[in-house]
Each structure stands twice: as C-alpha cells, then as structure tokens.
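Just need the whole structure built from these sequences, with the hints factored in.
Number of protein chains: 2
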Amino acid sequence: MAGIPVPLERVIKELTKLPGIGEKTATRLAFHLTRSQRNDVEGLANALLALREELYTCSICCALAGGDPCEMCSDPRRSDEVVCVVEEAADLAAVERSGGFRGRYHVLQGTLAPLDGVGPDDLRITELMRRIGEGKIRELIVATNPTAEGEATALYLAKLAKPLGVTVSRIAHGLPMGGDVEYADLATLGKALEGRRQM
Amino acid sequence: MAGIPVPLERVIKELTKLPGIGEKTATRLAFHLTRSQRNDVEGLANALLALREELYTCSICCALAGGDPCEMCSDPRRSDEVVCVVEEAADLAAVERSGGFRGRYHVLQGTLAPLDGVGPDDLRITELMRRIGEGKIRELIVATNPTAEGEATALYLAKLAKPLGVTVSRIAHGLPMGGDVEYADLATLGKALEGRRQM
Numbered sequence: 358m359a360g361i362p363v364p365l366e367r368v369i370k371e372l373t374k375l376p377g378i379g380e381k382t383a384t385r386l387a388f389h390l391t392r393s394q395r396n397d398v399e400g401l402a403n404a405l406l407a408l409r410e411e412l413y414t415c416s417i418c419c420a421l422a423g424g425d426p427c428e429m430c431s432d433p434r435r436s437d438e439v440v441c442v443v444e445e446a447a448d449l450a451a452v453e454r455s456g457g458f459r460g461r462y463h464v465l466q467g468t469l470a471p472l473d474g475v476g477p478d479d480l481r482i483t484e485l486m487r488r489i490g491e492g493k494i495r496e497l498i499v500a501t502n503p504t505a506e507g508e509a510t511a512l513y514l515a516k517l518a519k520p521l522g523v524t525v526s527r528i529a530h531g532l533p534m535g536g537d538v539e540y541a542d543l544a545t546l547g548k549a550l551e552g553r554r555q556m
Numbered sequence: 358m359a360g361i362p363v364p365l366e367r368v369i370k371e372l373t374k375l376p377g378i379g380e381k382t383a384t385r386l387a388f389h390l391t392r393s394q395r396n397d398v399e400g401l402a403n404a405l406l407a408l409r410e411e412l413y414t415c416s417i418c419c420a421l422a423g424g425d426p427c428e429m430c431s432d433p434r435r436s437d438e439v440v441c442v443v444e445e446a447a448d449l450a451a452v453e454r455s456g457g458f459r460g461r462y463h464v465l466q467g468t469l470a471p472l473d474g475v476g477p478d479d480l481r482i483t484e485l486m487r488r489i490g491e492g493k494i495r496e497l498i499v500a501t502n503p504t505a506e507g508e509a510t511a512l513y514l515a516k517l518a519k520p521l522g523v524t525v526s527r528i529a530h531g532l533p534m535g536g537d538v539e540y541a542d543l544a545t546l547g548k549a550l551e552g553r554r555q556m
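Going line by line, the protein sequences match chains A and B.
Going by our numbering, the first residue of the first sequence is number 358, and it counts up by one from there.
Going by our numbering, the first residue of the second sequence is number 358, and it counts up by one from there.
In case anyone wonders, no lab produced these hints; they're calculated from the structure.
Any given hint could turn out to be false.
Repeated chains share a single entry, so a pair holds when one copy, or any two copies, can fit it.
Pairs of lysine-lysine residues, derived as DSSO-like cross-links and limited to a Cα-Cα distance of at most 30 Å, are as follows [what the hints assert, rightly or not]:
#1 K516 / K493
#2 K493 / K519
#3 K381 / K548
#4 K370 / K381
#5 K519 / K370
#6 K516 / K548
#7 K548 / K519
#8 K374 / K519
#9 K374 / K493
#10 K381 / K516
#11 K519 / K381
Written out as structure tokens, the structure is:
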C-alpha cells in the first residue's frame, strides 16, 4: 500500500480478516499500535498466542474453558438437574451474564443445517445424550437461536430427550424488553401472542 | 467475566485497549478468533510482534519505514525540491494515497501544543532544518491538520524556513468534495471564501 511500510501492511492485512474490520479501521488500529507502549502490543500478541495453547474444550459440556472440566461443570453450587443447551460458547457467556441460570450448560458447537451439510453427528449431541444417560438431568432448556436452524435443532433435541424422561423446554420468544409493539416484526409479534402468560 | 474462560478474557482485555473497540466488540472478535484457523490467529500475533522488530524510523524524513532510509527517501524518481510536512505517519500514507505528490516527506511526529507541554524540541523540526540546510529543498508544503495546533505549527515552520530562502505553502482549506454549502460549518465556509480561486 502507498506510503505504508511492509510490517505495518502485514498487521493491516491480518486485522482485516476479523469480522467488521475493514481496511480503514485496520489501518487506524495499526497506526495506533505503532504509537502504543511496546508492552501493550506484546500483551495482545501473547494473549492471542496463548489462546490456542491455554483454551480447552470441556469434556463434559463442550464449552470453551481455561481447564478441563470447565468452571461451570466443576462448580458444586450449580444444579445438575437442569442443563441449558446453547449453540456456541458465546451464547453460554450471554446466558451466564444474565445471571438468571444456576444449572449446567451444554454447547452444541453449531446447529443442524442440512443444506450446509451439518447433520446431528457434526454437533455435540452424542455427548449430551451420554450426560442424560447418567440419570441426573431432569430438564433441558434449549436456548438455540430463534432461527430456522435453531428451531429445527431444538425440535430434534426434544424428540431425542423426551423419551428418556427429560422435560425439554424452549426459551421464550417475544418482544425484547424496551421494544415497541408498533415496530415489531410479524414473526416476533406472532410468537409474543402465542406465548402470552396469564398475569 | 461470567462464562468466559481466562485466556479468552485476556484477549478481550487487550483488544479493548484499541481505539473504538469496546467490550462488546472485543468479545465478538475474541470468540471469532476461537473459531478461526490456527494460522490466522498466529499470523496476527506474529505480525504484531514483528511490528516492533521490523519497523524503523527513517533517519531522513522520520517516517515509519520497513528499512532505513525509507522507500520514499530512497526513490530516485521523487523530486528532492519539494517536501510535504505532515504530523504523523498516517497522514503521510493519506497524502501518498491521493497520488498527487511526487516529492519527499517529513514527519513531525506531533504538533506544537504548549498547553500539553509539547514544544519545538519535542518534534522532528531540527531534522527538517538540517535537510533544508543541505540546500536542495525549494518548497515546503505544510500539510498539518487544520486545527489550532496544526495551524500554529505551520506558522512556526514558515517563520523558520522562509529566511532560508524556502517557499512555504499550506494545503488548501475549504469545502470537502461532495460536501454541501448549506451544512458547512462557519470556519470551513470562511476559509473556502478566503481561499477562492479565479476560474
């Protein structure tokens, strides 16, 4: 690139691989890095390198973890009876941030997407069934995304788990808090009416 | 952070140090990195580490460079007679991208800002005067930002360079291309009128 030395160009090229970061943002970030403390740049680089060395997949819940089993699976204060099933590790973090859940988790690492060639064997469903087989789990809360794939995955899990005597529930769909009925899309409003609760 | 393993938390913390990247964006980027190819993550980390090892400050123009002297200073096709003075290396890249300049550059690495304790000795002004002293330079184009500090720096440089027989010019200020007279701020419109050119 014109007027940009090669080492900087390399950083810009690597940064543009990140989602939502175009060439302009990447250039701004790269120039910022040339002005920041050596410690900060090395801190980021080392944190990135450590990511692959120190990050495990929990052998119980298949979540990303700093150790195996993960913090959530090894916490004795959490209930073994309820398991929240999510698509990705990022979803787990979101549910955990809400503070409304004190059971265990299971990360599917994707959703059923037959058109993209993703079948049940590509997800961590076998691991979930094994956990159910251990007999402690009484309820699965399926918190996959409210998309076609997420819904299909939820239905598939319900069909597998119900015959094993496990209650399967789906997180509620409806208007987001602070939302506006006037501007809600039809599908959301439909779900909100369908899922109404007596006051 | 809740539900986020320590190695990931570390990457998030380092990313939030970058300008314009808050916790939410950093979290999204970090989770993306856990899903990307090992090569990509290492590529970024290594590019960052190389930044400090392979990036030089050109001993002639004080720009960031992949070697010393930089590409611009060692290009024999560029004119030695005109020097474009900019605040930062990023400004140099912007002027270079415009494609409208084939002379040399000089990077001040800042602007005069007496209130922040930045005086002439903190900028690369001595280096510029030494270059003028070599006798090849006929014109300085001062492309500092159109801010109070940038203007003050431009005036200061003009005062130093003019007595040495060098023409000092300032880049034009006015309406940006594609701009709108109706919505232009007063200062810009004032400069645009003041700097009008006969057609």
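For each hint, the structure was consulted:
For the homomeric pair K516 and K493, the shortest alpha-carbon distance inside one copy (19 Å) is at most 30 Å, but the shortest distance between copies (83 Å) is not. In this homomeric assembly, K493 and K519 come within 30 Å of each other (Cα to Cα) only inside a single copy, at 14 Å, whereas the closest approach across copies is 86 Å. In this homomeric assembly, K381 and K548 come within 30 Å of each other (Cα to Cα) only across copies, at 28 Å, whereas the closest approach inside a single copy is 41 Å. Taking the shortest Cα distances, K370 and K381 sit within 30 Å of each other both inside one copy (11 Å) and across copies (23 Å).
Within a single copy, K519 and K370 get their C-alpha atoms no closer than 49 Å, and across copies no closer than 42 Å, so neither meets the 30 Å cut-off. For the identical chains of this complex, K516 and K548 are intra-copy neighbours only, at 21 Å inside a copy versus 72 Å across copies, given an alpha-carbon limit of 30 Å. For the identical chains of this complex, K548 and K519 are intra-copy neighbours only, at 23 Å inside a copy versus 74 Å across copies, given an alpha-carbon limit of 30 Å. Taking identical chains as interchangeable, the C-alpha atoms of K374 and K519 are never at most 30 Å apart, the minima being 42 Å within one chain and 47 Å between chains.
In this homomeric assembly, K374 and K493 never come within 30 Å of each other (Cα to Cα): the closest approach is 43 Å inside a single copy and 44 Å across copies. Taking the shortest alpha-carbon separations for K381 and K516, neither the intra-copy value of 48 Å nor the inter-copy value of 35 Å comes in at or below 30 Å. Proximity of K519 and K381 under a CA criterion of 30 Å is satisfied in neither setting, with 51 Å inside one chain copy and 36 Å between copies.
Comparing the model with each earlier hint shows violations of hints 5, 8, 9, 10 and 11; every other hint is respected.
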